[in-house]
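Line by line, the protein sequences give chains A and B.
Residue numbers for the first sequence follow our numbering, beginning at 1 and rising by one.
Residue numbers for the second sequence follow our numbering, beginning at 1001 and rising by one.
Just so you know, the hints here were simulated from the structure itself, not pulled from any lab data.
Treat the hints with care, since some could be wrong.
Subject to a maximum C-alpha distance of 30 Å in a straight line, what follows is the list of computed BS3-like cross-link-like pairs (lysine-lysine) [claimed, not checked]:
| # | chain 1 | residue 1 | chain 2 | residue 2 |
| --- | --- | --- | --- | --- |
| 1 | A | LYS331 | B | LYS1248 |
| 2 | A | LYS147 | B | LYS1032 |
| 3 | B | LYS1032 | B | LYS1238 |
| 4 | A | LYS166 | B | LYS1223 |
| 5 | A | LYS166 | A | LYS150 |
| 6 | A | LYS294 | B | LYS1032 |
| 7 | B | LYS1223 | A | LYS329 |
| 8 | B | LYS1238 | A | LYS331 |
| 9 | B | LYS1238 | A | LYS147 |
| 10 | A | LYS166 | B | LYS1020 |
| 11 | B | LYS1032 | A | LYS271 |
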Amino acid sequence: METQNVDVIFVGELSSGALASHTYEIATLARSIGSATKCVLSSSNPSFDSTQAAQQLGEYGVSELHSVNCGSGLSGNALASYIKGLIDTAQSNSRSVIVVGPATYLGRDVLAHLSVFADRNVLANAVGLELNEDGVVSTHMIFGGSKILKAQSSGDSPQLVILRPKSIAPQVGDEKTECKVINEDASGLIDSSATTEIVNSEVSQSEGPALDEASIVVSGGRGLGSQDNYEKLVLGVANELGAATGASRAIVDAGWVPYSKQVGQTGKTVKPEVYIACGISGATQHLVGMKGSKNIIAINTDDQAPVFSVADLGIVADVNVVLPDLIEKLKARKN
Amino acid sequence: MSINIAVLVKQIPDPSVEGKLNSDFRFDRSGKIVLDEADLYGVEVALGLIESAGGGKVTVVSMAPNEEVVGVRTALAMGADDAVVISDEALANSHALATAKVLNAAIDSLGDIDLVIAGTESSDGYTGTIPAQIGALRKISALTFATSIKLNGSEIEINRQSNEGIDTVKATLPAVVSVTAGVVEPRYPNFKGIMAAKSKPVSFKSLSDLGISIDDLDISQQKVINVEEAPGRAAGEKIDDPTLAADKIIQYLESAGVL
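Required output: the full structure, derived from the provided sequences and hints.
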């Protein structure tokens, strides 16, 4: 596959009304593999300013922003149906198409539906993507990030890829591209038997920054002993530091914290300046989600816990002793 | 009312043992196989819905090599009624879309299914697309990342995890739902359940039983070309005096420039 023949269509997403950071990451990747890049997103958020977003995307080389009305239901099916139309048009103009979506709730829904509509498999959880003479080569982390796998896909169009956020460093292009806003309605494209309706949206009252945007992440694991301790200690430290809170799979499975807080292979990837793992042993499933952090502090009673193998500062002690002390000292420091 | 549910489950190599790849880059399945823990929640949710609906049937559907049933028996021991296991050597290198098509054909073979339930993603391959692919193949509503499910007659309502909180989403049956982990407490199979599971019906299907030709699945569209060790990360300083810990952490945060 050759860059000059490739259109990249990617799924954009909003976070608190503005473009999410992974949208810039994918735009950066898109510029390196295609000669024309189009961002498609659901316009359901009333505070979204598409003109401003187009300005920003233009800096990253995006030439079209498709702001799509997906109706009152989940956007995955509608966006996939809409993107299928864009693929057909591009292919009829002899272009090859690569569609990229983020490994988020929305991105996975869109690419899964599109995979059926286009009858093509999805390359899921990619952390990198490049073209070669045979088609597309995607990079994936397996076994908790201990191994890197490369897969060769054919050059058939379209190719469908789900990219994990935090895999690509966002970077503006050398030149600004004129990015055109295209407003469309896809709400009528869904089969009537497949419609859904969002009847209520509740925004969680979390005081700190978003988990995948924060510069400090404090994560808790089973070593805390109870949900109460998680709320008192992990939230307590995070409050003092202005940090986001995360969790190991074990305590998500135990129902202490929601799935959206899970850091790891079956969860979010985070790359903060500092990651503080509290009472987390560091199963490979967890390490893949956090070992890209710039600095790692780990607190665990088990001297042999695998988390210490990636920690810059390891503290072999009980989190239930260390964290109350830390909260006190952080408070005292502020005064 | 009575409701028929298909629960999709995956039987995976024991995740507490370090994973290996075979020489052909496929997951090594020669060790102990278990029911993926992520699927316990789907099974529990299905059983709970049948109990509150006052009747119906839960059928476990799994695709696995060599007629593997060890994980399926766990789901049956929890209380599922019967199972379909699709085994076919031709599926050895299956990808997510092909797997979704096979599972979908197996669901078709069950007759009227009101609800398909799955976990959000498997613990080994973690692709996370199969529930929505099944929805698209069946042209039914795909309610993904559910944290709770309610049924009112033919209407289904879920709470769905979103980036910013929780959405409440409604649809009409039939539908497919993927459930996130930790939303219910999966029941432990008791002795009676384990004994009963041994005699519950499990039907085995091949691709030809399902009327699928391997050529239509286009399994060879991707191939692994290389696997290598990821760059490691060195361990740093380690201390074991809890009285020094807080000061040490504060010092570290200061030197990292975040405090």
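Are B:LYS1032 and A:LYS271 close enough, with their CA atoms no more than 30 Å apart? Violated. B:LYS1032 to A:LYS271 sits at ~34 Å, over the 30 Å cutoff.
With the threshold set at 30 Å, check whether the alpha-carbon distance from B:LYS1238 to A:LYS331 stays at or below it. Answer holds: B:LYS1238 to A:LYS331 is near 25 Å, not above 30 Å.
Do the alpha carbons of A:LYS166 and B:LYS1020 lie within 30 Å of each other, as the hint requires? holds (26 Å)
Are the Cα positions of A:LYS166 and B:LYS1223 separated by 30 Å at most? holds (25 Å)
Starting from A:LYS147, check that the Cα of B:LYS1032 is at most 30 Å away, please. OK: A:LYS147 and B:LYS1032 at ~22 Å, within 30 Å.
Taking only the CA atoms, is the gap from A:LYS294 to B:LYS1032 under or equal to 30 Å? The given pair, whose Cα atoms are some 36 Å apart, is violated under the 30 Å limit.
Has the given pair, A:LYS331 with B:LYS1248, been kept, meaning a C-alpha gap of at most 30 Å? holds (15 Å)
Are the Cα positions of B:LYS1238 and A:LYS147 separated by 30 Å at most? holds (26 Å)
Taking 30 Å as the top limit, are the C-alpha atoms of A:LYS166 and A:LYS150 close enough? holds (18 Å)
Sort out whether A:LYS329 lies within 30 Å of B:LYS1223, counting only the CA atoms. Measuring from Cα to Cα gives roughly 54 Å; hence the hint is violated.
B:LYS1032 paired with B:LYS1238 [C-alpha distance capped at 30 Å]: violated (35 Å)
Checked against the numbered hints above, the structure violates hints 3, 6, 7, 11; every other hint is satisfied.
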